[in-house]
Amino acid sequence: MPDVLDVANFFISAAESEGEDGEGVSNLKLQKLLYFAQIASLQETRAPLFDDDFEAWDYGPVVPSVYRTFKANHGEPIRVTYGPFDHTKFTAEQYDLLNRVYRQYRQYSAYGLANMTHQPGLPWSECREHGVSVMDVEMLRQWAQTHDPVVQRAGRRHPKRVKYIPSSDGHTRLPAEFMED
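Under our numbering, the letters of the sequence shown match residues 1407 to 1587, in that order.
It should be emphasised that the hints constitute simulated quantities derived from the structure, not laboratory data.
Treat the hints with caution; some may be incorrect.
If you anchor each label on the Cβ, the simulated ranges turn out as follows [stated by the list, open to error]: (1) 1499 <-> 1545: 21 to 27 Å; (2) 1425 <-> 1544: 38 to 44 Å; (3) 1527 <-> 1490: 38 to 44 Å; (4) 1551 <-> 1497: 28 to 34 Å; (5) 1470 <-> 1521: 19 to 25 Å.
Ideal placement from N, C-alpha and C gives every residue a C-beta, glycine not left out.
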């Protein structure tokens, strides 16, 4: 199982692969992508993508360790992964799920994604309403199994094969064509 920073590195690399056309991924946006990826994994496989729990912070679900890792970026895009991005930490199914989550939610701003997590009936709003601060994996699993998918499943197309490009700083970047639908 990848750890939460492996998943964070995926989203940072995906955003950076868009180059100057993309807005990048801030810590706030990263937190929401992690949340939607975890929910999607629980909906599709019943298994978590990573073991870390979320907390119900003011701007939505947050994995505190990831927040602390990237807090120096403030609201600016995170340009460098936490250590080298290692695609081999993911199964083909996990990698496909992360691609679908990113493609579906990349168009939204960090605050737009935060607003999505605040909708009534979603785990964050339920936690805030009942004074609960931790959204553990079991709570998310129970919610995920009784609600519509948060990400569209892949169609009949075969997934695109991706070549990984090592950059001069030793971090692996995803090529721009990775983002094609």
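Evaluation of the provided hints:
no.: 1; hint: 1499 <-> 1545: 21 to 27 Å; verdict: 23 Å, holds
no.: 2; hint: 1425 <-> 1544: 38 to 44 Å; verdict: 40 Å, holds
no.: 3; hint: 1527 <-> 1490: 38 to 44 Å; verdict: 39 Å, holds
no.: 4; hint: 1551 <-> 1497: 28 to 34 Å; verdict: 21 Å, violated
no.: 5; hint: 1470 <-> 1521: 19 to 25 Å; verdict: 21 Å, holds
In this structure, only the earlier hint numbered 4 is contradicted, and the remaining ones agree with it.
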